[in-house]
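Undergrad: Construct all of the structure, not just a fragment, from the sequences and the given hints.
Protein chains in written order, with my numbering: chain G, 1 to 194; chain F, 195 to 388; chain E, 389 to 582; chain L, 583 to 776.
No lab work stands behind these hints: they were computed from the structure.
A couple of the hints might just be wrong.
Said to hold, decoys possible - The calculated lysine-lysine pairs, modelled on DSSO-like cross-linking and capped at a C-alpha distance of 30 Å, are:
hint, chain 1, residue 1, chain 2, residue 2
1, F, K338, G, K68
2, E, K414, F, K220
3, E, K456, E, K534
4, L, K608, F, K220
5, E, K532, G, K26
6, G, K68, F, K262
7, L, K728, L, K608
8, G, K26, F, K340
9, F, K262, L, K726
10, E, K414, L, K608
11, G, K144, G, K68
12, G, K68, L, K726
13, L, K728, L, K650
14, G, K68, E, K456
15, F, K340, F, K262
16, L, K728, G, K144
17, E, K456, E, K532
18, L, K608, G, K26
19, F, K338, F, K220
20, G, K68, G, K146
21, E, K456, L, K650
Only a predicted model underlies this, so the values are computations on that prediction, with no experimental measurement involved.
There are 4 protein chains.
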Amino acid sequence: MRTSRLEAFSDGVLAIIITIMVLEVKIPHGEEFSDLGDSFPSLLTYLLSFIYIGIYWNNHHHQFQLVKRVDGVVLWANLHLLFWLSLVPFTTAWMDESSLASAPTVVYGVNLLAAAIAYYVLQQVVLRADDAGHLELALGNDLKGKISPVLYTLGILAAFVSPAVGIAFFVAVALLWIVPDRRLESYVAEHAAD
Amino acid sequence: MRTSRLEAFSDGVLAIIITIMVLEVKIPHGEEFSDLGDSFPSLLTYLLSFIYIGIYWNNHHHQFQLVKRVDGVVLWANLHLLFWLSLVPFTTAWMDESSLASAPTVVYGVNLLAAAIAYYVLQQVVLRADDAGHLELALGNDLKGKISPVLYTLGILAAFVSPAVGIAFFVAVALLWIVPDRRLESYVAEHAAD
Amino acid sequence: MRTSRLEAFSDGVLAIIITIMVLEVKIPHGEEFSDLGDSFPSLLTYLLSFIYIGIYWNNHHHQFQLVKRVDGVVLWANLHLLFWLSLVPFTTAWMDESSLASAPTVVYGVNLLAAAIAYYVLQQVVLRADDAGHLELALGNDLKGKISPVLYTLGILAAFVSPAVGIAFFVAVALLWIVPDRRLESYVAEHAAD
Amino acid sequence: MRTSRLEAFSDGVLAIIITIMVLEVKIPHGEEFSDLGDSFPSLLTYLLSFIYIGIYWNNHHHQFQLVKRVDGVVLWANLHLLFWLSLVPFTTAWMDESSLASAPTVVYGVNLLAAAIAYYVLQQVVLRADDAGHLELALGNDLKGKISPVLYTLGILAAFVSPAVGIAFFVAVALLWIVPDRRLESYVAEHAAD
Numbered sequence: 001m002r003t004s005r006l007e008a009f010s011d012g013v014l015a016i017i018i019t020i021m022v023l024e025v026k027i028p029h030g031e032e033f034s035d036l037g038d039s040f041p042s043l044l045t046y047l048l049s050f051i052y053i054g055i056y057w058n059n060h061h062h063q064f065q066l067v068k069r070v071d072g073v074v075l076w077a078n079l080h081l082l083f084w085l086s087l088v089p090f091t092t093a094w095m096d097e098s099s100l101a102s103a104p105t106v107v108y109g110v111n112l113l114a115a116a117i118a119y120y121v122l123q124q125v126v127l128r129a130d131d132a133g134h135l136e137l138a139l140g141n142d143l144k145g146k147i148s149p150v151l152y153t154l155g156i157l158a159a160f161v162s163p164a165v166g167i168a169f170f171v172a173v174a175l176l177w178i179v180p181d182r183r184l185e186s187y188v189a190e191h192a193a194d
Numbered sequence: 195m196r197t198s199r200l201e202a203f204s205d206g207v208l209a210i211i212i213t214i215m216v217l218e219v220k221i222p223h224g225e226e227f228s229d230l231g232d233s234f235p236s237l238l239t240y241l242l243s244f245i246y247i248g249i250y251w252n253n254h255h256h257q258f259q260l261v262k263r264v265d266g267v268v269l270w271a272n273l274h275l276l277f278w279l280s281l282v283p284f285t286t287a288w289m290d291e292s293s294l295a296s297a298p299t300v301v302y303g304v305n306l307l308a309a310a311i312a313y314y315v316l317q318q319v320v321l322r323a324d325d326a327g328h329l330e331l332a333l334g335n336d337l338k339g340k341i342s343p344v345l346y347t348l349g350i351l352a353a354f355v356s357p358a359v360g361i362a363f364f365v366a367v368a369l370l371w372i373v374p375d376r377r378l379e380s381y382v383a384e385h386a387a388d
Numbered sequence: 389m390r391t392s393r394l395e396a397f398s399d400g401v402l403a404i405i406i407t408i409m410v411l412e413v414k415i416p417h418g419e420e421f422s423d424l425g426d427s428f429p430s431l432l433t434y435l436l437s438f439i440y441i442g443i444y445w446n447n448h449h450h451q452f453q454l455v456k457r458v459d460g461v462v463l464w465a466n467l468h469l470l471f472w473l474s475l476v477p478f479t480t481a482w483m484d485e486s487s488l489a490s491a492p493t494v495v496y497g498v499n500l501l502a503a504a505i506a507y508y509v510l511q512q513v514v515l516r517a518d519d520a521g522h523l524e525l526a527l528g529n530d531l532k533g534k535i536s537p538v539l540y541t542l543g544i545l546a547a548f549v550s551p552a553v554g555i556a557f558f559v560a561v562a563l564l565w566i567v568p569d570r571r572l573e574s575y576v577a578e579h580a581a582d
Numbered sequence: 583m584r585t586s587r588l589e590a591f592s593d594g595v596l597a598i599i600i601t602i603m604v605l606e607v608k609i610p611h612g613e614e615f616s617d618l619g620d621s622f623p624s625l626l627t628y629l630l631s632f633i634y635i636g637i638y639w640n641n642h643h644h645q646f647q648l649v650k651r652v653d654g655v656v657l658w659a660n661l662h663l664l665f666w667l668s669l670v671p672f673t674t675a676w677m678d679e680s681s682l683a684s685a686p687t688v689v690y691g692v693n694l695l696a697a698a699i700a701y702y703v704l705q706q707v708v709l710r711a712d713d714a715g716h717l718e719l720a721l722g723n724d725l726k727g728k729i730s731p732v733l734y735t736l737g738i739l740a741a742f743v744s745p746a747v748g749i750a751f752f753v754a755v756a757l758l759w760i761v762p763d764r765r766l767e768s769y770v771a772e773h774a775a776d
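TA: Structure representation (structure tokens):
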């Protein structure tokens, strides 16, 4: 299978995930500005999840730009990642409805951690199929990829005690990734597969 | 019509089906870990349906990689398949809401069987249009394609008595297909239409 | 703007319309086979609207295959068509919820008629931009395009008295279009823009 | 990253936004023509938001046709724009449910203004990356881009007193943009990046 098909399908799924989450944002019942306050937590968690899906989309494509063809194993590793990401609207909605209670925030963190692990598995599977070794060189020692699971785990543990602290960890990981990976980006610019 | 258009549209529909199903997963009412238990059957059937749509997407593209152009008959055979797949969120939701009762599980199985038949019809129609005979050779004797309808039928019959046994059959078919078809895959790698 | 962008966006919108309509199909409350009866009218109108969107997707692409570039006027004529088609889930849902009452069936017919007129306008705008005259030749005297609005109008008038007769007219138009337009198809096969 | 990937993802998100808004249109409870009146404000605001998303899609692609490759900064500026646009279904729904009350109309205007600012930021970021200067020349003095924020601000202020007048301003901006930008369009026709 050509990489472009896998990218197009993943694009579609990520575009839908990022957009349908807005359907979960609670519409205020009243019609005053103050009523918008009820939607605020919803809007903030929507923003956080929006950024996360955006990060995955970004990294996903940088990675696949260095690879020309994919096999069935890559395909299922990719669907595995999309599965965890497709649960983000669900875990976000539960966290919202509980007004950031402890258990739902832990579950949200577990969802993020599972997606990170799925992404790592996908990367390994792609590396194996990438004979030219472009991606391996491009990734270098992948510091962010190593720090993120640690921060997720700390966030999950913290959320047992204080959901707010847990979410602070999740926001930290997001910030870490928004800064584009110059190294991978410049490597891609030189060695893009097409 | 070029195959790429049909693939892009099918990609879109499958990406949406696979993603909107998560909107049907029931969000727990409470905010304890134990409340997540209410969503468990929902999550498991979501996973099963997610895998099914993933399998169809996978097979769909392997098949169309060997074909360059499609006519109106292929197009409608393809829409026929998409119609049955688009009902999967509906039959999954009914099965969930009934907590895996007998009738909804039977209907879910009938939906899977109808999609399998629609896929078979599509394959025959594509084979007819595929002058080069690439696909015919690639499919070989298509053992999985022949076993699946039998397993679906057994699952449907079993679900009349025990929904759990019925679902076990449907899981078995999914597992059968997750293992990628090396033969078709390697054939495609050599003879892809572009 | 290249035609491919307009096609990709239209593909996306049509894929979403065709798929989200299933969210409107009522999930049965009970868990017996007989409870599925409640969903039957929903499922049939879903099927009808699914076929209509499929027909528009089919014709849309056949038409644009003969055109290389589009301007702002074509773009807005296309969005105008997509607007009417995007209302189909709304008018279908109202017709369903009213159990095929007279007024909602009339409104459904008006929606179909408006989409047909929007398609005609789009066709004229594209013809104007199509210097090579390929599309004009391909369309020939476009008998179906001329009969359809008449049948829609008869269906709308009939629905005032009997919704069932009205719907019979709408089904008739759908059947008319499912049969692929061999003439246009063969012309496209010879003169496709790429 | 190639521009085509960014365009495909943005296409997907915009196609979904434009289509899921119809899910928010209230289906009439009764089954008489007069009951459709309840849906009228919903339908009109849907139309307005549909046109806005259409305008952004149109401008978005005209802009990116002149640019070949994009970096991480462009990517995040683009996601920033998509974030504000993805809130349009939410702010539209609140405005509807409040039957065009003052505060929700103001918030709708703020959403439109934020999207316009995000678009301006995106344009500046793209201009910076566009060495060839094609886009800068094509945009010229960008009169519409300068007038729109002023009209949005006036509309927001007016909506504090009269929501109807506020909406009149928002309709005016939409009309301003529906007229295609002949200058940019003809420039694009000559210098499109592919």
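Undergrad: Next, verify each hint and record whether it holds.
TA: Structure-based check of all given hints:
1. F:K338 with G:K68: Since the Cα atoms of K338 (chain F) and K68 (chain G) sit roughly 29 Å apart, the hinted pair holds (cutoff 30 Å).
2. E:K414 with F:K220: Roughly 16 Å between the alpha carbons, so the hint for K414 (chain E) and K220 (chain F) holds.
3. E:K456 with E:K534: holds, 26 Å
4. L:K608 with F:K220: Distance of about 23 Å is within 30 Å: holds.
5. E:K532 with G:K26: Between K532 (chain E) and K26 (chain G) the Cα gap is close to 46 Å, so the pair fails against 30 Å, i.e. violated.
6. G:K68 with F:K262: With a Cα-Cα distance of about 20 Å, the restraint between K68 (chain G) and K262 (chain F) holds, given a limit of 30 Å.
7. L:K728 with L:K608: Judged against 30 Å, a Cα distance of about 35 Å means the pair is violated.
8. G:K26 with F:K340: Violated, at about 48 Å.
9. F:K262 with L:K726: violated, 45 Å
10. E:K414 with L:K608: holds, 16 Å
11. G:K144 with G:K68: holds, 25 Å
12. G:K68 with L:K726: violated, 42 Å
13. L:K728 with L:K650: holds, 26 Å
14. G:K68 with E:K456: holds, 28 Å
15. F:K340 with F:K262: Satisfied, since the Cα-Cα distance of roughly 26 Å is no more than 30 Å.
16. L:K728 with G:K144: At roughly 41 Å apart (the allowed maximum being 30 Å), K144 (chain G) and K728 (chain L) break the hint.
17. E:K456 with E:K532: holds, 25 Å
18. L:K608 with G:K26: holds, 16 Å
19. F:K338 with F:K220: Not OK: K338 (chain F) and K220 (chain F) at ~34 Å, beyond 30 Å, violated.
20. G:K68 with G:K146: holds, 26 Å
21. E:K456 with L:K650: holds, 20 Å
This entry does not satisfy hints 5, 7, 8, 9, 12, 16 and 19, going by the numbered hints stated previously.
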